[in-house]
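Line by line, the protein sequences give chains P and Y. Each residue of the first sequence is one higher than the one before, counting from 0 in numbering that gives the first Met the number 0. Each residue of the second sequence is one higher than the one before, counting from 0 in numbering that gives the first Met the number 0.
Because the hints were derived from the structure by calculation, they are not lab data. The beta-carbon is built from N, C-alpha and C at its ideal position, and this holds for glycine as well. Wrong hints could be hidden among the right ones.
[Said to hold, decoys possible] Covered, in the sense of this in silico footprint (three residues per stretch, anywhere, with C-beta under 8 Å from a C-beta of chain P), are these stretches of chain Y: (1) 83-94; (2) 228-238; (3) 298-308.
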Amino acid sequence: MMTFLNGLLRLRRGPWEVLATIIIALGVFMLMQPFVLWGFTYSFITTLVGTVMFIIVSHFGEDE
Amino acid sequence: MTDSLANQAAQATPPRVARKIRGFSDRAIAWIFVAPTIFLLLAINIFPLIWTIQLSFTNFKANRLNREPEFIGLRNYERILTDSDIWLNMQATAHFLFWTITLQVLIGFALAWLIHRNFKGSNFWTTVIVLPMMLSPAVVGNFWKFLYQPQIGLFNYIVTFFTGGEASSFEMLGSVNLAPWSIVIVDTWMWTPFVMLICLAGLRSIPDYIYEAAEVDRASKLRQFFTITIPMVLPFLMLAVLFRGIENFKMFDLVVQLTGGGPGSTTELTSINLKREAFEKWRTGYASAYAIILFVTVFGLASIYVKALNKVKER
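Kindly produce the complete structure, drawing on both the sequences and the hints.
Here it is, written out as structure tokens:
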């Protein structure tokens with residue numbers, strides 16, 4: 000966990016990609032879940048943020 | 000040989016053209032070759048995408064070309080993302096995605112595991128299993144429609160042969176409860192071989208010496224399966240899941256042929272709903288916003304897919 004947080008602080012690609020992937024997966028889940036309508040409403044913005052974040056962080060430096 | 004061919008090609012070039020080309024740098028020649036592809040990419044992919052984004056902020060209707068479209072901001076997105084009918088379509092898509100992927104992974108992995116044992120005739124059975132994947136989805140949709148016929152269809156006959164009762168007592172495509180399962184069955188039948196092939200590639204990439212070392216350490220077959228086979232095939236499985244997930248999210252042809260989205264809208268997946276909004280109701284601006292929402296979702300999934308692919312390559 001500490002390695003992950005350190006990676007985030009040092010703007011390393013690996014942990015940021017993991018974070019972006021989690022946000023995308025959350026957005027897709029919110030889009031298709033049958034439980035709450037507000038989840039569906041905010042799914043698009045969540046997926047969009049995750050996807051844009053993924054594009055940006057994939058240009059960060061590799062893990063050492 | 001190559002030299003003489005190059006000379007022949009140089010001689011065959013008309014002097015006027017040769018003179019012109021001689022003035023270009025290598026970089027310029029590379030751009031000349033790449034330019035048609037870039038132009039096509041811009042014309043076919045990038046321009047329509049940008050135009051769709053622009054249309055998604057308007058109330059444009061493609062069947063009323065003489066009416067000036069109005070800029071309505073994010074209203075289309077707001078309408079879509081608060082519409083409970085579209086939410087239901089998303090749930091139908093989720094049901095289809097979840098069950099097709101689960102069944103395809105379980106059956107595909109089991110089949111790959113069996114085929115990997117190299118029994119007599121395994122190559123023949125691999126070919127037989129892979130056949131459905133090679134058919135056109137439209138053809139598959141049409142012939143499964145016949146198989147699902149309650150009176151003459153083979154599917155009802157086989158089910159009632161085991162369960163008893165009348166073959167015409169249930170209708171797979173006409174029943175609200177069974178229709179979502181009917182499309183799951185057909186997609187699983189068609190695409191399980193694809194997952195099987197990916198799993199087979201994963202199983203064949205595991206070196207024998209790892210199992211031999213485990214045997215020396217007296218690891219049981221079950222232990223070997225859970226500590227060697229599953230972890231080493233997992234990246235391949237993930238790849239199959241993501242690939243099938245993206246493909247099934249866009250599923251259109253097979254379901255249109257089978258059920259046309261019915262009965263009611265129980266099998267109306269998002270792509271079918273989108274087509275209705277765009278080309279039956281002609282709400283082009285609204286459909287553009289809908290398409291952008293689906294595009295961002297698929298693009299997000301594709302990003303994860305590329306990451307998983309790179310992980311497999313690293314191995």
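The hints, checked one at a time:
1. Counting residues of the segment 83-94 of chain Y whose beta carbon lies closer than 8 Å to any beta carbon of chain P gives 6, which reaches the threshold of three, so the coverage claim holds.
2. Counting residues of the segment 228-238 of chain Y whose C-beta lies closer than 8 Å to any C-beta of chain P gives 0; at least three are required, and the coverage claim is violated.
3. Judged by the Cβ-Cβ criterion of 8 Å, the segment 298-308 of chain Y is covered by chain P as claimed, because 6 of its residues qualify and three suffice.
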